[in-house]
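Each chain, letter by letter, is given below.
2 protein chains.
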Amino acid sequence: MKSFAGDKDVNPGDVVGIIGGFGGMGHLFSAVFERAGYKVLCSGRKTPVSNADIASTCDIIIVSVPIHDTVRVIDEIAPLLNEEQLLCDLTSIKTAPVDAMLKSKAQVIGLHPMFGPSVPTIFGQTIAASPVRCDEKTRHTLYQIFTNEGAKICQMEPKEHDKIMSIVQGLVHFTTLSVAETIKNTGIPLEAILPVMSPVYRIELGLVGRILGQDPSLYADILQMNPETVGIIEKMSDSVTALKAIVASKDSEKFAAFFTENSDAFKAYIPQATEETDLMINTLVKMK
Amino acid sequence: MKSFAGDKDVNPGDVVGIIGGFGGMGHLFSAVFERAGYKVLCSGRKTPVSNADIASTCDIIIVSVPIHDTVRVIDEIAPLLNEEQLLCDLTSIKTAPVDAMLKSKAQVIGLHPMFGPSVPTIFGQTIAASPVRCDEKTRHTLYQIFTNEGAKICQMEPKEHDKIMSIVQGLVHFTTLSVAETIKNTGIPLEAILPVMSPVYRIELGLVGRILGQDPSLYADILQMNPETVGIIEKMSDSVTALKAIVASKDSEKFAAFFTENSDAFKAYIPQATEETDLMINTLVKMK
Numbered sequence: 001m002k003s004f005a006g007d008k009d010v011n012p013g014d015v016v017g018i019i020g021g022f023g024g025m026g027h028l029f030s031a032v033f034e035r036a037g038y039k040v041l042c043s044g045r046k047t048p049v050s051n052a053d054i055a056s057t058c059d060i061i062i063v064s065v066p067i068h069d070t071v072r073v074i075d076e077i078a079p080l081l082n083e084e085q086l087l088c089d090l091t092s093i094k095t096a097p098v099d100a101m102l103k104s105k106a107q108v109i110g111l112h113p114m115f116g117p118s119v120p121t122i123f124g125q126t127i128a129a130s131p132v133r134c135d136e137k138t139r140h141t142l143y144q145i146f147t148n149e150g151a152k153i154c155q156m157e158p159k160e161h162d163k164i165m166s167i168v169q170g171l172v173h174f175t176t177l178s179v180a181e182t183i184k185n186t187g188i189p190l191e192a193i194l195p196v197m198s199p200v201y202r203i204e205l206g207l208v209g210r211i212l213g214q215d216p217s218l219y220a221d222i223l224q225m226n227p228e229t230v231g232i233i234e235k236m237s238d239s240v241t242a243l244k245a246i247v248a249s250k251d252s253e254k255f256a257a258f259f260t261e262n263s264d265a266f267k268a269y270i271p272q273a274t275e276e277t278d279l280m281i282n283t284l285v286k287m288k
Numbered sequence: 001m002k003s004f005a006g007d008k009d010v011n012p013g014d015v016v017g018i019i020g021g022f023g024g025m026g027h028l029f030s031a032v033f034e035r036a037g038y039k040v041l042c043s044g045r046k047t048p049v050s051n052a053d054i055a056s057t058c059d060i061i062i063v064s065v066p067i068h069d070t071v072r073v074i075d076e077i078a079p080l081l082n083e084e085q086l087l088c089d090l091t092s093i094k095t096a097p098v099d100a101m102l103k104s105k106a107q108v109i110g111l112h113p114m115f116g117p118s119v120p121t122i123f124g125q126t127i128a129a130s131p132v133r134c135d136e137k138t139r140h141t142l143y144q145i146f147t148n149e150g151a152k153i154c155q156m157e158p159k160e161h162d163k164i165m166s167i168v169q170g171l172v173h174f175t176t177l178s179v180a181e182t183i184k185n186t187g188i189p190l191e192a193i194l195p196v197m198s199p200v201y202r203i204e205l206g207l208v209g210r211i212l213g214q215d216p217s218l219y220a221d222i223l224q225m226n227p228e229t230v231g232i233i234e235k236m237s238d239s240v241t242a243l244k245a246i247v248a249s250k251d252s253e254k255f256a257a258f259f260t261e262n263s264d265a266f267k268a269y270i271p272q273a274t275e276e277t278d279l280m281i282n283t284l285v286k287m288k
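If you read the sequences in order, they're chains A and B.
Going by UniProt numbering, the first residue of the first sequence is number 1, and it counts up by one from there.
Going by UniProt numbering, the first residue of the second sequence is number 1, and it counts up by one from there.
Calculated directly from the structure, the hints in this document are not laboratory data.
All values reported here derive from a predicted model rather than from experimental measurement.
There could be a bad hint or two in this list.
If several chains are the same, the list does not tell them apart, and a pair holds so long as it fits within one copy or across any two.
Derived lysine-lysine pairs resembling DSBU-like cross-links, with alpha carbons at most 30 angstroms apart [said to hold, decoys possible]:
#, residue 1, residue 2
1, LYS105, LYS184
2, LYS105, LYS159
3, LYS103, LYS254
4, LYS286, LYS46
5, LYS103, LYS39
6, LYS105, LYS46
7, LYS39, LYS159
8, LYS244, LYS39
9, LYS286, LYS244
10, LYS46, LYS184
11, LYS250, LYS235
12, LYS244, LYS103
13, LYS184, LYS39
14, LYS235, LYS105
15, LYS105, LYS39
16, LYS103, LYS235
17, LYS250, LYS46
18, LYS159, LYS103
19, LYS39, LYS235
20, LYS159, LYS250
21, LYS184, LYS103
22, LYS103, LYS250
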């Protein structure tokens with residue numbers, strides 16, 4: 001994996017076509033390309049411009065549709081593309097979309113913006129990128145469009161991406177939704193819980209509430225279509241079983257051993273985690 | 001449950017004795033009582049002042065020792081107390097400590113500060129309180145000491161407290177530690193995960209790292225000594241099993257049904273959760 005920081009060097013002029021360009025993410029990226037000086041053409045389910053129009057006229061083609069539609073859309077346009085074009089997708093998994101894109105003749109860079117369409121700009125956000133078949137200039141130019149706006153690029157292989165995302169996204173979403181289900185099943189109303197929550201627990205529960213305000217189908221796709229999530233969920237299930245037994249044993253030494261093994265594994269990260277969550281807590285304390 | 005907001009009305013003059021007063025929490029509360037005009041006397045494991053000295057000379061006695069020592073310390077001093085004194089503890093469970101305190105003749109208010117000793121002040125923080133045997137004036141005076149510094153009091157019965165804390169603390173700590181264990185067991189180093197994390201995932205993982213920087217025995221006690229946590233962990237384990245099956249089924253409609261049931265249950269809270277986590281995310285984005 002490699003990280004890239006921005007410097008000013010972009011050569012615009014080409015036309016970017018965004019398939020699904022009227023969705024939240026397409027809209028966000030339209031603006032990014034326009035600010036970089038590109039002409040942007042979008043297709044959607046109800047536009048006169050078709051996906052085939054995009055494929056046959058644009059220099060850069062971005063597929064920005066739901067994960068479960070991505071391979072289908074790529075398969076539809078792949079035969080229309082040539083070696084001069086650049087084909088990208090914007091989905092949260094990379095192995096299957098990249099495999100599908102490689103069946104075209106185009107240059108291929110898989111992208112995964114690590115944020116939702118509700119962010120005000122891409123400044124400070126991260127984009128994972130898998131440049132699986134492209135020349136150096138194309139890759140550089142594309143990255144600069146994002147890094148010039150303050151985004152960070154993390155480059156990785158599609159399989160490595162899906163493995164890491166099964167942790168960063170899959171495990172986190174799975175756990176958050178399991179916590180929601182557990183709280184719901186206690187039958188204790190949220191009104192009894194919220195008043196006692198100090199800032200650190202407001203952050204924890206805030207992340208539960210946040211996910212539930214979003215589109216279920218995105219989370220279904222991230223969990224159900226990443227081939228690596230089944231394995232990570234199995235591991236989470238094992239961890240729950242192991243810790244459940246330790247809590248039930250009431251053996252504080254066993255608990256301390258479990259805890260310490262993990263604090264050793266996370267040792268290098270603890271100062272940063274503490275600093276960042278302290279900042280979160282202080283921000284919430286000042287909120288009202 | 002009742003909440004109390006502060007107004008200025010405290011009548012100091014009495015002596016407060018803190019058993020375990022040299023620990024982090026004892027130290028924090030010493031300062032609170034001193035600022036309210038009280039004289040504070042502390043006992044610790046190595047002080048000339050004994051727990052018995054505190055019990056026989058102070059007007060308000062605060063037991064601030066680890067959860068697993070609390071009932072033992074209360075049992076030790078309970079026979080020395082009279083009806084004029086106020087006895088409190090500061091531990092994260094309430095049923096057992098309050099039962100032990102009620103064996104004395106003193107007035108009894110169980111307390112649970114919903115924060116750690118590292119907070120700069122108690123401003124903006126929450127204290128759960130169980131006033132199980134006390135006159136109105138005593139309760140009012142004690143609450144004012146805390147609310148005058150900007151803390152919020154949430155009053156509840158000991159059993160209600162332990163049930164709610166099994167969710168707010170038990171479920172959250174259990175899940176956070178299970179996630180740590182799962183990440184550790186993937187064998188994927190944190191250095192491969194951290195660079196791709198956008199702010200929302202930095203918050204999620206930050207909470208994992210934060211807990212691991214703290215004292216294992218506190219978390220052992222909170223999980224192992226609250227009689228309600230066994231039930232909530234059982235429910236969490238069931239939720240994990242249920243969601244695991246839904247993910248494995250790859251049935252997006254089943255997933256949407258699970259998700260929607262929970263978003264319905266959390267509906268009233270979602271706007272607040274989104275607002276607060278948006279604020280967290282924007283704070284992190286601006287951090288660097």
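Hints, one by one, checked against the model:
{"no.": "1", "hint": "LYS105 x LYS184", "result": "neither (50 angstroms within a copy, 40 angstroms between copies)"}
{"no.": "2", "hint": "LYS105 x LYS159", "result": "within (21 angstroms within a copy, 67 angstroms between copies)"}
{"no.": "3", "hint": "LYS103 x LYS254", "result": "neither (53 angstroms within a copy, 33 angstroms between copies)"}
{"no.": "4", "hint": "LYS286 x LYS46", "result": "neither (46 angstroms within a copy, 38 angstroms between copies)"}
{"no.": "5", "hint": "LYS103 x LYS39", "result": "within (27 angstroms within a copy, 79 angstroms between copies)"}
{"no.": "6", "hint": "LYS105 x LYS46", "result": "within (28 angstroms within a copy, 77 angstroms between copies)"}
{"no.": "7", "hint": "LYS39 x LYS159", "result": "neither (33 angstroms within a copy, 64 angstroms between copies)"}
{"no.": "8", "hint": "LYS244 x LYS39", "result": "neither (56 angstroms within a copy, 44 angstroms between copies)"}
{"no.": "9", "hint": "LYS286 x LYS244", "result": "neither (36 angstroms within a copy, 39 angstroms between copies)"}
{"no.": "10", "hint": "LYS46 x LYS184", "result": "neither (39 angstroms within a copy, 47 angstroms between copies)"}
{"no.": "11", "hint": "LYS250 x LYS235", "result": "both (23 angstroms within a copy, 18 angstroms between copies)"}
{"no.": "12", "hint": "LYS244 x LYS103", "result": "neither (47 angstroms within a copy, 33 angstroms between copies)"}
{"no.": "13", "hint": "LYS184 x LYS39", "result": "neither (48 angstroms within a copy, 46 angstroms between copies)"}
{"no.": "14", "hint": "LYS235 x LYS105", "result": "neither (39 angstroms within a copy, 52 angstroms between copies)"}
{"no.": "15", "hint": "LYS105 x LYS39", "result": "within (23 angstroms within a copy, 81 angstroms between copies)"}
{"no.": "16", "hint": "LYS103 x LYS235", "result": "neither (34 angstroms within a copy, 46 angstroms between copies)"}
{"no.": "17", "hint": "LYS250 x LYS46", "result": "between (61 angstroms within a copy, 29 angstroms between copies)"}
{"no.": "18", "hint": "LYS159 x LYS103", "result": "within (17 angstroms within a copy, 63 angstroms between copies)"}
{"no.": "19", "hint": "LYS39 x LYS235", "result": "neither (47 angstroms within a copy, 53 angstroms between copies)"}
{"no.": "20", "hint": "LYS159 x LYS250", "result": "between (41 angstroms within a copy, 20 angstroms between copies)"}
{"no.": "21", "hint": "LYS184 x LYS103", "result": "neither (46 angstroms within a copy, 37 angstroms between copies)"}
{"no.": "22", "hint": "LYS103 x LYS250", "result": "between (57 angstroms within a copy, 25 angstroms between copies)"}
This entry does not satisfy hints 1, 3, 4, 7, 8, 9, 10, 12, 13, 14, 16, 19, 21, going by the numbered hints stated previously.
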